[in-house]
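Student: Listed below are the residues making up each chain.
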Amino acid sequence: MPGPKSAILRRIAPQLVILAIALLLNVLIFPDFFHIDFRNGRLFGNLIDVLNRGAPVALLCIGMTLVIATRGIDLSVGTVMAVAGAVAASMVVEGHGWGTALLAALLAGGMCGLWNGVLVAVLRIQPIVATLVLMVAGRGIAQLITEGRILTFMNEGLIHLGAGTVLGMPTPILIWVTLGAVAITLVRRTALGMLIEAIGINERSSRLAGINSRVLLICVYLVSGLCAALAGVIVAADIKGADANNAGLWLELDAILAVVIGGNSLLGGRFSILASLLGAMIIQSINSVILLSGLPPEFNLVIKALLILAILVIQSPRIGYLLYMLRAAGPQPQPRPGTADTLPKRKKEAAR
Amino acid sequence: MTDPVRPVLHARGISKFFPGTIALDDVELRLNPGEVHALLGENGAGKSTLIKCLTGAYQRDAGTLLLDGAPINPASTAASQKLGIGTVYQEVNLLPNLTVAENLFLGRQPLRGGFVSRRRMNAMARETLAGYGLKIDPTEPLTAYSVAVQQVVAIARAVDMSGKVLILDEPTASLDRDEVALLFSVIRQLKARGLAIVFITHFLDQVFEICDRATILRNGRVVGDCALAEVSRREVITMMLGRQLEARVHSKKTGTVGKPLVQVADLGRRGMIEPFSLDIHEGEVVGLAGLLGSGRTETANLIFGAVMPDQGRIRLRGTDITIRTPRDAVAHGFALCPEDRKSEGIVGDLSVRDNIILALQARQGWMRPIPRAKVTEIADRYVRALDIRLASLDTPIRLLSGGNQQKALLARWLATNPAFLILDEPTRGIDVGAHAEIIALIDQLRADGMALLVASSELEELVAYSTRVVVLRDRVQICELTGDQITPDTIVQAIADDPHPHAEPV
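Respectively, the protein sequence lines represent chains A and B. Note that my numbering gives residue 136 to position 136 of the first sequence, counting from 1, and the numbers run on in steps of one. For my numbering, add 1000 to where a residue sits in the second sequence, where the first one is 1.
Because the hints were derived from the structure by calculation, they are not lab data. All C-beta atoms, glycine included, are put in the ideal place defined by N, C-alpha and C. Careful, some of the hints might be misleading.
Pairwise CB distance ranges (calculated) [what the hints assert, rightly or not]:
id, chain 1, residue 1, chain 2, residue 2, range
1, A, Leu323, B, Val1476, 32 to 40 Å
2, A, Leu323, B, Gly1318, 55 to 63 Å
3, B, Tyr1089, A, Leu322, 45 to 53 Å
Coverage of chain A stretches by chain B, computed from C-beta distances (three or more under 8 Å per stretch; other residues unrestricted) [said to hold, decoys possible]:
id, segment
4, 116-129
5, 197-210
Which chain B residues stay away from chain A? Per the calculated CB distances, all over 10 Å, these [as the list claims (entries may be wrong)]:
id, residue
6, Glu1127
7, Ala1181
8, Thr1325
9, Leu1336
10, Pro1338
11, Ser1343
12, Glu1344
13, Asp1349
14, Gln1364
15, Trp1366
16, Arg1368
17, Asp1484
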């Protein structure tokens, strides 16, 4: 909601705290972490690296947040990245300009999203199954486009999207920050956010209230596909080549993790793109900690697993209920069933 | 109330709270040995909550439970079973693919040398069931027998395991006449054995046939505890529904009916409801009466496009319109408050504010958001007009009580300024105060010239506000009552003119 600032702050406070802890760890390991240089017309520094390297997951989690808010999930985003990267690379290899290549990649991503959306919204296939189809098939499509090779290219314009800078700032950072800001503004300044939340919480009620849930559902998968396409182009541009086998591999899981760390429930409903973006940065900061500490990268996966476990435990309804009971009971001792004939204090609350 | 007999089970001062509601408030229940005790009340009166507190499925928040004079605190249904309180639910909770004997002795099979002795188990099962007058083969799978027999097996199991108190939660809901007779003969036997039996049902006939006493709940409170021989049906119904309603029945106004607004012709869907025609005029409340499953909800859903009809047409103010989805219906100024408030009405986790604005915003489209100040103004207006009680507009709607949720849903639709309002069971499961207010609101909307279609299973209520009543039976419209014809008795008569008469529901 375009509500008071304090409400937004309260919503993202846990993510800010976790991010601060992650950044602090970085500083402890590498005191110069926050040091930023300006050399050769470009900003350098570990913090910039975190923002830059986190771009693909940040882009993915914008779309993923919306999909998850509708009680869905999009497992295909990693694959869509590979498809989009392959499309962009093959276009510039064939001699088209970078603009055309970018548009073609977005078109491909949009079509992938549309496909998912139709499976979910029209054919009513469970999102996890529907998007699994493309997750598997998409790699094949990408390999067909690249003809099984790593398709390298030297197009300056396209490379600029992944490895270039604008006014000293790496382009990927500008892209995800801008897109994030646009998405947040779009969902919160229009009624889109509320309608998406409504279908995520109770689609049947929403449909009966006159919401066009089918079109909205297709749209969120479309947006997710477009975000994935953009991420795919950035990744391809960064390595100056499209690798159908490895581009975006497992990134859908990072995107889902970012959304979950952002405090968004996988059961749909209330969502915050800002918190998801913070989640993406948290993941990248942890990657950075492991990288800077000199620990072998295998630890990355274990630590990530522990992190997701901790966050899921905190989100579990049992723990939530426990906390609720603790808070509700307050200093008042819990009335023992069978011994107390007096009404507990909660009655007042309940009667409201 | 002094009773010479010491009750088997005595629940005193039972209270149970849920966030936003008081489900039970200081409830007392005395079960005497050898007595069939009816627990009566509307949906949402607190019957099932009380049962769950007795059986340990819920932990009560206050009160004492005495079994044979000794306090008990069952922590689970298993614990209460062990103490002597057995429960049989409407949907038989046995395992259909196991044999009758296995079902009877599941978890306590007679053993021999560490192995289940099937022979002994079957013999014991045969003996137990014979005690209930059932001569069936215990080695057959449970599904080989009718629901009534399964019900008796469930009772036999519960009595065998518990043996002091037997709770029957709507056991007759899916039984036909002969099966009910079988069940009742079993209940009478158990009564003779000195068990205390709690009987929950919606069929008042059965209550008066089999029960000795009744405790009547309304809105989480006990409103009556009486020997059924000493009270009339009407008194019981009045206690269940409340007196406010009674008074309203006589304050019926006959307003002037305006032009026809919605004309439905031959609308139907195969397998769901037979084609029907219905004209609804401005300033008119058309009531839909009928038993559960007679097609009331289906009628409402079809007109609103919640279910797509496969034939027929709808005219609005004389012009044909197409309604394929609720969205189309809303665009034409239709509104529907559905029967199942929780799964089809409210959007639980959204705030009351968002819930109220939802339909209006959906109609406007996402591109034209209603400014927050305007939203708050609209929400505030309806909260005040309908007297919705809440802590703040930002409260998630699921925390409100049933009545307040219903009012918020009404607010959602009134905010769209509908020409035609369909209400499906608008007063189900809500407290008496809200009940009366909603009925008054229906009256007022009609007087303001709105066209309303109201489906309800509460006849007194239908009589109170309807200018016309359409009676449905087995998915067919069977008659239409107008003016002075509309009384509870004539409606019951119309419903009851049935080739296969059922017991009259409440």
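Student: Does the claim that B:Ala1181 lies outside the interface with chain A hold up, using a Cβ gap greater than 10 Å?
Tutor: Correct as stated: the minimum Cβ-Cβ distance to chain A is 40 Å, above 10 Å.
Student: Checking the smallest CB distance to chain A, is B:Arg1368 really beyond 10 Å?
Tutor: 8 Å, violated
Student: Say whether it holds or is violated: B:Ser1343 keeps its Cβ farther than 10 Å from all Cβ of chain A.
Tutor: Contrary to the label, B:Ser1343 does not stay out of reach of chain A, its closest Cβ about 6 Å off (not over 10 Å).
Student: Holds or violated: is the Cβ of B:Thr1325 farther than 10 Å from all Cβ atoms of chain A?
Tutor: Violated, since 7 Å does not exceed 10 Å.
Student: Was B:Pro1338 rightly flagged as not at the interface, with every chain A Cβ beyond 10 Å?
Tutor: Violated, because the least Cβ-Cβ distance between B:Pro1338 and chain A comes to about 6 Å, which does not exceed 10 Å.
Student: Once the closest CB in chain A is found, is it more than 10 Å from B:Glu1127?
Tutor: Since the minimum Cβ distance to chain A is about 38 Å, B:Glu1127 lies beyond 10 Å and the statement holds.
Student: Using the beta carbons of B:Tyr1089 and A:Leu322, state whether their distance is inside 45 to 53 Å or not.
Tutor: 29 Å, violated
Student: Confirm or reject the claim that A:Leu323 and B:Val1476 have a C-beta distance inside 32 to 40 Å.
Tutor: For A:Leu323 and B:Val1476 the Cβ distance comes to about 54 Å; the hint is violated.
Student: Is it correct that the beta-carbon of B:Glu1344 has no partner in chain A closer than or equal to 10 Å?
Tutor: 5 Å, violated
Student: Any Cβ of chain A at or closer than 10 Å to B:Leu1336, or is the non-interface label fine?
Tutor: 6 Å, violated
Student: Note whether the CB distance of A:Leu323 and B:Gly1318 lies within 55 to 63 Å or breaks it.
Tutor: With a Cβ separation near 59 Å, A:Leu323 and B:Gly1318 satisfy 55 to 63 Å, so the hint holds.
Student: Just to make sure I understand the rule, a stretch counts as covered if three or more of its residues have a C-beta closer than 8 Å to a C-beta of the chain. Does the segment 197-210 of chain A meet that for chain B?
Tutor: Answer holds; 11 residues pass the 8 Å Cβ test.
Hints 1, 3, 4, 8, 9, 10, 11, 12, 13, 14, 15, 16 from the earlier list are contradicted by this structure; the remaining hints agree with it.
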